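> Sequence:
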Amino acid sequence: MYDKINKYNFKKVALYIRRSRADEEREKRTGEDTLVGQLMYMEKYLSNLGITDYDVYKEVASGASIENRKVFKGLLKLIDQGVYDAIAVKETSRITRGAYQDLADIERIFKKNRIKIIVDGDILDLNEYQAAFTYDMQLFMSRAELKQYTNRVTSAKKTFAMMGKWMPGGNAVPYGYKVDEKSRKLVPDEEKAELIKFIYHTYVYGKDGKEYGYRAISNELFRLGIKSPRGSDRWDQSVIKKILTNPVYKGDVRYNYTEEVEKGKKQLRPEEERIYVENAHEPIIDPELWEKAFEKSKNPRNNKHKGNPFKEVSPLTGLIVCANCEKHMFKSTQYKQRKNEHGEIERYPVVQLRCRTLGCKNDVKYEAVEDAVVGYLKFMLALDRSEFANYIHNIIRVENRLDEFHLQHKEAQIERIGKEIEKWNKRLKVAKEMREDGEYTREEFLERKKEIEEEIRELRVIEQKLLHADETAVGLTEEDIDNARENIEVIHDYYLRAKSNERKNELLSAIFYEIVVKKIKSGYGSKPPELELRCKLKEVVRLKNLVSA
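All residue numbers for the sequence shown refer to the UniProt record's numbering, where the first residue is 1 and numbers rise by one.
Check each hint, because a few of them may be wrong.
[What the hints assert, rightly or not] Calculated lysine to aspartate or glutamate pairs in the DMTMM-like style (CA-CA distance at most 20 Å, straight line):
#: 1; residue 1: K410; residue 2: D233
#: 2; residue 1: K410; residue 2: E458
#: 3; residue 1: K242; residue 2: E282
#: 4; residue 1: K157; residue 2: E271
#: 5; residue 1: K426; residue 2: E453
#: 6; residue 1: K298; residue 2: D236
#: 7; residue 1: K111; residue 2: E91
To be clear, the hints were calculated from the coordinates, so they are not data collected in a lab.
Being a predicted model, the structure only gives us computed values, none of them experimental.
Based on the provided sequences and hints, a complete structural model is requested.
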């Protein structure tokens, strides 16, 4: 060993230490710092060899690939430039134990530059047969160990995913959720979950009679001053699309669906390798609303939900909320058996609205709720004009669910508008300075001044509206009352004549943003259950000609 030191007479050595996955696991168990341990060991080792002139390179990264190891990639460049004549590592696996291409590239650079590898107990010269053989064998064993470790981790992740637990696999926790440390299952992050609901409702139902796509939603979030998941001012449209097509938001877990084939390129894995678990955690979005958004995302220009690969949208999709736990209920069809008049066993469907909360007993027959909603429309139409006006005044929500979300972010909007006004005032100041310096003619300055003042004036108008906005109902005019009655009458009539469930859902969604249902007493036989409904109307019910034929 010492003969080799004298033989090579190193001028400049690079000491490379790296924390591996195994090191991280050991640190969690013992609390030790493996980088410090490696450094102390190698400094003493090099000192015993009489090597004192060396530079230390530290890195925390996996050894599976050098692509993401910036420190080592930089060191390779320096080696290729002739800065060093040796590299010192505690084990050869610290260099790499990943792809064969990496091994070949490193070996080529080391051989070309006659680099010696100072490793615990030996000095390897890859240009010599025996040393190269030893190096190859050490890396082969190290690579086999990595594969075994990776296989164990992958197997454990698949097992946990099948149990409905969240296994990131390199991906962040979905926006709107957080991970319960004990159960390892996803639980809604209340504030962010509201934003997810806002995105879905805006995409599916639009706002103020307008259709909203990815770009429009991105612009709306920017106007509200809401940062993207990465902290950017602007939400990328692809992020919004991923949110609207990710089944995690309806309570399902999807894992091991894609694999990387090239750098930055992925492809779907074979179906038998994919893992999909339904009802794995609490959903943020009602499953039927999720399917409606997913179908629209496949063909944004035609939101008619043709060829839905899941199930048909029902009349009450996205509208029914459980009074007990304030969560959206979903349609569930179960089949039971009974004997017919001939004594034969036959299966028959039982369709219910069910609550996802474990132990909640607010399940109710779907048909009974639909009949109650139609009955509610009929009840309002039976009121005389004076009674109807008073009733509408009491229950109409001038700020619907989406507008409430806007109000929650009123301060952010006002702050953003203030900054915009400040920018325009600065531009006006610059324009004045340019006029004084003769860079603007009088006509050019006046034209620019007019443009800026117009921008500021429009921002001031919006600012004043926000400053005086509140959640109280605005007084309804006589025309509003007449329009509301006409809209409800048209919707009731169209609903009874509608041929598809999708059309029925469109009609109810035009005026209701939420229908809270509470079962007072169960029904039996032909007797329907006794229900309590709190129907919350949208402000748009007072607009003229709300629904088209």
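> If a hint holds in the structure, say so; if it does not, say that too.
Verification of the supplied hints:
1. K410 x D233: holds, 17 Å
2. K410 x E458: Roughly 17 Å between the alpha carbons, so the hint for K410 and E458 holds.
3. K242 x E282: Answer holds: K242 to E282 is near 19 Å, not above 20 Å.
4. K157 x E271: Satisfied, since the Cα-Cα distance of roughly 18 Å is no more than 20 Å.
5. K426 x E453: holds, 12 Å
6. K298 x D236: holds, 18 Å
7. K111 x E91: Since the Cα atoms of K111 and E91 sit roughly 19 Å apart, the hinted pair holds (cutoff 20 Å).
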